[in-house]
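Asker: Grab the two chains, each in its own frame, and use the hints to assemble them into the complex.
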Amino acid sequence: MADGRMTTMDDGSAIRNPQSAIRTTGFFTDSTLCIGCKACEVACKEWNDVPDDGFLWSGLSYDNTTALGHSTWRHVKFVEHAATIGVGGNSPEQATWQFSSDVCKHCENAGCLESCPTGSIVRTEFGSVFVQPDICNGCGYCVVNCPFGVIDREPDDGRAFKCTFCYDRQRAGEQPACAKACPTGSILFGDLDALERAADARIAKLHAAGMTDATIWNPKESSVGGAHAFFLVRGDARQYNLPANPDVPTVHLKSSWSAAATAAGVLALGALMAFAFGSKR
Amino acid sequence: MKRPTPESERRLDELRERAAQHQPAQQSSKLSYHDLPLLKPPVWTWEIPAYFFVGGAAGASAMVAFAAQLTGANADLVRDARRIAAIGAVLSAPLLISDLGRPERFLNMLRVFKVRSPMSVGAWTLTAFGGAAAAAAFEIATPISSAAAAATGLVMSTYTGVLLGATAIPLWSRNARMLPVHFGASSFGSAVSLLELRGHTDAALNALGLGAAIFETAAGAAPSPTPRRHALADALAGPVPLLLRLFNKRKAAAVSTLLGSLLTRLAWVEAGKASARDIA
Numbered sequence: 000m001a002d003g004r005m006t007t008m009d010d011g012s013a014i015r016n017p018q019s020a021i022r023t024t025g026f027f028t029d030s031t032l033c034i035g036c037k038a039c040e041v042a043c044k045e046w047n048d049v050p051d052d053g054f055l056w057s058g059l060s061y062d063n064t065t066a067l068g069h070s071t072w073r074h075v076k077f078v079e080h081a082a083t084i085g086v087g088g089n090s091p092e093q094a095t096w097q098f099s100s101d102v103c104k105h106c107e108n109a110g111c112l113e114s115c116p117t118g119s120i121v122r123t124e125f126g127s128v129f130v131q132p133d134i135c136n137g138c139g140y141c142v143v144n145c146p147f148g149v150i151d152r153e154p155d156d157g158r159a160f161k162c163t164f165c166y167d168r169q170r171a172g173e174q175p176a177c178a179k180a181c182p183t184g185s186i187l188f189g190d191l192d193a194l195e196r197a198a199d200a201r202i203a204k205l206h207a208a209g210m211t212d213a214t215i216w217n218p219k220e221s222s223v224g225g226a227h228a229f230f231l232v233r234g235d236a237r238q239y240n241l242p243a244n245p246d247v248p249t250v251h252l253k254s255s256w257s258a259a260a261t262a263a264g265v266l267a268l269g270a271l272m273a274f275a276f277g278s279k280r
Numbered sequence: 000m001k002r003p004t005p006e007s008e009r010r011l012d013e014l015r016e017r018a019a020q021h022q023p024a025q026q027s028s029k030l031s032y033h034d035l036p037l038l039k040p041p042v043w044t045w046e047i048p049a050y051f052f053v054g055g056a057a058g059a060s061a062m063v064a065f066a067a068q069l070t071g072a073n074a075d076l077v078r079d080a081r082r083i084a085a086i087g088a089v090l091s092a093p094l095l096i097s098d099l100g101r102p103e104r105f106l107n108m109l110r111v112f113k114v115r116s117p118m119s120v121g122a123w124t125l126t127a128f129g130g131a132a133a134a135a136a137f138e139i140a141t142p143i144s145s146a147a148a149a150a151t152g153l154v155m156s157t158y159t160g161v162l163l164g165a166t167a168i169p170l171w172s173r174n175a176r177m178l179p180v181h182f183g184a185s186s187f188g189s190a191v192s193l194l195e196l197r198g199h200t201d202a203a204l205n206a207l208g209l210g211a212a213i214f215e216t217a218a219g220a221a222p223s224p225t226p227r228r229h230a231l232a233d234a235l236a237g238p239v240p241l242l243l244r245l246f247n248k249r250k251a252a253a254v255s256t257l258l259g260s261l262l263t264r265l266a267w268v269e270a271g272k273a274s275a276r277d278i279a
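From first to last, the protein sequence lines are chains A and B.
For the record, in the first sequence the residue sitting at position 168 is 167 according to numbering that gives the first Met the number 0, with numbers rising by one throughout.
For the record, in the second sequence the residue sitting at position 131 is 130 according to numbering that gives the first Met the number 0, with numbers rising by one throughout.
Next up, chain B with everything else stripped away, as it sits in the complex (with noise of 0.2 angstroms):
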């Protein structure tokens, strides 16, 4: 049986104070509202960021493809950039489709088209680009084809920063100019990255495997990006692979570079949902 202590008396009496000194709930000083946040968090999960990935890698490998086949580079680094981009395509289309509310009524992306809406653009960009990926891939219509394939690559890669920037996101909408420049320039360090591993040596993908590595660090160190605790996304996406090309180890460097654009991709949607929450 529990007895009464000096100290629990003490307690006592110290609660009867506090209740007795008990001022009403006040928010005067405070411009909120019981500290709840406004805005509504991000409904997407991880196929989004896993889209802007595998649809950057692919945009950036047909561009890639079209100025290797310009420059009359090998023929098999031709053909494996062309079939990179037509599998992104591909793998896209169930990433977008299964985060769907209704996924079955994904035709409706195609009813209309709203330049001012990005993700209608990005809607009519993957048909486009998935078709003219497919037809470079199968060496159907090849001049044009490749050529269309990438110019709508370079839009897959960089067109879902905008995505993000242009919407009520507090920390998306601060990155509105940064964010389709971050990751144009890793699905570029992406598509390099996969043609490594397929073995390709050609020097040129070094040097744009250089050129997103360097521009990763400078954004990775750049004020406020994503939240510190996403440092490890930034530090492979960014400093590992530039100090791993530097020293020639560029397989290292390749896999470094997918797994950083892939887990800053998923960082950015995340630090958006606590941006949302946050109290203005």
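With the rest of the complex left out, here is chain A (with noise of 0.2 angstroms):
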């Protein structure tokens, strides 16, 4: 491509140029704007050619895919409620549904990044957080890193797999398979600033018409540093499994290392005096 911003790869691909254009891009997901249709989900695996992760009914309101997984990368929460009366417009004998559209959070420190020992994840120049499937050898470890239980080892295959971002689409200028297939707005992509910006406003707009109890999900002030894709709920958030205050596992490096560096001179110590001074043969 003649444009500047954009350098040809050796394969033929263009991709945006990092010094000259970091567009970092993110998800915002709107729950209130979110009608449960599960678009997202089969977008999801039609474009990315996920595999099947079982047909089970789990009795969980309308929610049959139950969580995010090696095989789930779009995932539709059902928060059911009681009928609170005059809020929502239902009868008062429906409960009330809230439904949003879960995804990789794509955190800024993101733990299953930092743990993986191969250097298969790797940033993106979009700013996401992706899986090099030619490189990831299975160890699972970023399984335990994640603090969102988003990332899993997939049994059959044996690679470690989660959202892509749709990298591939990215690249080519596209936007994700899922923000394409939303049929509401509830998925919007973008560029992260504006994303925020537009995140904002709308929550200035649910507040004047009195939803007050709509909050964004973006935890910025925790360890994880705040995440490229956020989300919109309302009432609290660990309602829709997005917890308070996530850590990403690397603040327990420094305390754990030490540890270990004590431990590791008291035995060393303990183990020339057992020699030095209770050697009896």
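Note that these hints are calculated values from the structure, not bench results.
Just to be clear, a hint being listed does not mean it is correct.
The list that follows gives simulated cross-link-like pairs (lysine to aspartate or glutamate, DMTMM-like), each with its CA atoms no further than 25 angstroms apart [to be verified]:
no.	chain 1	residue 1	chain 2	residue 2
1	A	Lys44	A	Glu220
2	B	Lys272	B	Glu46
3	B	Lys113	A	Glu195
4	A	Lys179	A	Asp155
5	B	Lys272	A	Asp52
6	B	Lys113	A	Asp52
7	B	Lys272	A	Glu195
8	A	Lys204	A	Glu220
9	B	Lys1	B	Glu13
10	A	Lys179	A	Glu40
11	B	Lys113	A	Asp246
12	B	Lys272	A	Asp246
13	B	Lys113	A	Asp133
14	A	Lys219	A	Glu195
15	B	Lys272	A	Glu220
16	A	Lys204	A	Asp235
17	A	Lys44	A	Asp133
18	B	Lys272	A	Asp156
Answerer: Right, dumping it as structure tokens:
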């Protein structure tokens, strides 16, 4: 491409030039606009050729997907509440539903990326967190380092999988499949800064309209340092399995390594002392 | 043929009343999503805790060999300790590789070095330790190779605690400070136990074994580490060998220490799986 903001790669494809045009993209998922149609789940599965992960009746509202995982990269949550008269326009006998399409958070400080011993998991030029499938050797360490239970090892394949943020589509200048398939604008894709401004405007509008329980979930104050995929939800975000104070596991490194060093020192000294003073043969 | 009875009809009335009172599913008071866990449980099977045991004991054995060598202890003891270290290093690799989802790609572990990934640090440490321990066992470049095996062996015996501690699994990260100490102490307990079972009677081994058993007893008695159902593992690692050593039953203490060391590691990994399924 002639555009100076693009670089042509060896394989002939063009990527955005990180020096001249860092375009950090994001997802803003607005649960107040979600109708629970699951088009995002279908679009994701189709575009990315994600294998099926079972057809099970969960018995949990209309959510038979239940969680993100190695073969579920978008997941529509069905949060049920007893009716509140005058809220939501439902009859008093009807439960109210809130839907929210969950996805990998593409953390600013990503536990999976930090812990990956092969360098398979990288930060892309779009700011997203990407697992390179040709490098992953399925050690499983990322699985226990994701504070959101997103990434998992696929038992048949052996490698770890999660949302790619449609890296292939973004490279081609397209938006991710889920965002493109969303019929209500609940899943917005775009420049992260612009999305954050849009979210602030949306919250202000909802609060002004009386929906005062609408909040933004984006763990910027936590050690995770913010998410590239953030959410607008109603009420306590924990109802959507979005934790209040997530931690990137690297926060434990310093104390744990200090303990290891102390233990190693004491054990080395103990061994030397035992043989120097206690050795009787 | 079934006949309606007063009981059967009362039951049907009860069902009708309960159905009439039915309220929609509620979770307003509960701050969880349908009580589904947030985290994914570890995918590791027995090979990983078995490696913690084998690699830890091997690493500690290299340090014991070095200490014995420096202080001029029995040459047979030095030789056997070095051999245990080398054999442990050799056994560690297949345990780790077989647990990979793509075992044929194990060399990708050495593609990069990431100081912030305990798994990466561990892969490189095992590589260095394996080389040094093998060299020391064959008495190649011995003062340097045995010192290198001891230094990397100390990391081998403790880093696995960091590997578990610095994760998102609540039980493991709560014990991020304790786990490296626990694994280190029981690794030394295992190393001296192996040497005692090999027939070595040096009093220094008993002193080290006693120290490890005292620490493991204290750690096992501390509140919360492993769940109660792992009490057997904790007992075999700490109080049982402690008592046996006090009564000078060294070989019995050695067997108990080895079993306890293996079982506590299996227990910690299993307990991590349970911890991941907890509803926050």
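Asker: Against this structure, judge whether each hint is valid.
Answerer: Here is how each hint holds up against the structure:
no.	hint	result
1	A:Lys44 with A:Glu220	violated, 33 angstroms
2	B:Lys272 with B:Glu46	holds, 15 angstroms
3	B:Lys113 with A:Glu195	violated, 32 angstroms
4	A:Lys179 with A:Asp155	violated, 30 angstroms
5	B:Lys272 with A:Asp52	holds, 21 angstroms
6	B:Lys113 with A:Asp52	violated, 33 angstroms
7	B:Lys272 with A:Glu195	violated, 36 angstroms
8	A:Lys204 with A:Glu220	holds, 24 angstroms
9	B:Lys1 with B:Glu13	holds, 19 angstroms
10	A:Lys179 with A:Glu40	holds, 12 angstroms
11	B:Lys113 with A:Asp246	holds, 20 angstroms
12	B:Lys272 with A:Asp246	holds, 19 angstroms
13	B:Lys113 with A:Asp133	holds, 19 angstroms
14	A:Lys219 with A:Glu195	holds, 12 angstroms
15	B:Lys272 with A:Glu220	violated, 28 angstroms
16	A:Lys204 with A:Asp235	holds, 19 angstroms
17	A:Lys44 with A:Asp133	holds, 20 angstroms
18	B:Lys272 with A:Asp156	holds, 21 angstroms
The earlier numbered hints that this structure contradicts are 1, 3, 4, 6, 7, 15.
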